[in-house]
Every structure is written in C-alpha cells, then in structure tokens.
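All chains should be modelled from the sequences, with the hints used to inform the complete structure.
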Amino acid sequence: KCGYTRTDVDPQPIPSDGNVKWRSNRDGGFGHTGPCEVYIDDKMVAHGDNCEEDFPGGGDESNKPSIIPSTILRAAASAH
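For the sequence shown, the UniProt record's numbering gives the first residue as 1, with consecutive numbering after it.
Treat the hints as calculated values from the structure; they're not laboratory data. Check each hint, because a few of them may be wrong.
Taking lysine-lysine and the DSBU-like style, the derived pairs with C-alpha atoms no more than 30 angstroms apart in a straight line are [stated by the list, open to error]:
| # | residue 1 | residue 2 |
| --- | --- | --- |
| 1 | Lys43 | Lys21 |
| 2 | Lys21 | Lys64 |
| 3 | Lys43 | Lys64 |
In structure tokens form, the structure reads like this:
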C-alpha cells in the first residue's frame, strides 16, 4: 500500500487480461500529471513517473481509460 491507498473500498480483482484500466473521475484517462503505481497486496507491479504521458488515454468524458500493461501483473494473475 502506498500513502494514497484507499482502505474504505473493497480490493479489486486482478484483471484477467493483465492490463490495469485507469479512469479519471471525469471518465477519461489519467487526469493528473505525476506518478502512479499499481500494487498487488504489498508488491508494486507497475509504476510510471508521469502517468498521463507514460500511459495515455482519452480526454475528459471520452470513456477511454488509460491502460497500464504489466507482465508482472499477468504473472500474478496466473498464480492466483
């Protein structure tokens, strides 16, 4: 868990296709400039220094999420 991990919601399942789909609260891709991380339990499985550039998605209200592919995430999905 990082310092911004939400503990008031249920954990999400590991995506079967191995890709994390990230949506902003305006229903597009990343809505902020800066880093992002994906964790499975306490292990970081994906990281970007500027996720809006590293993992482009659609603009606001585009209904197109940013996609974070991860070979580690795929390996973790097959292990569960």
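Going down the list of hints, with the structure as the test:
With a C-alpha separation of about 18 angstroms, the suggested pair lysine 43 and lysine 21 falls inside the 30 angstroms cut-off, and the hint holds. Pair hint lysine 21 plus lysine 64 holds up; C-alpha atoms about 9 angstroms apart against a cutoff of 30 angstroms. Distance restraint check for lysine 43 and lysine 64: the Cα-Cα separation of roughly 27 angstroms lies within the 30 angstroms cut-off, and the hinted pair is therefore satisfied.
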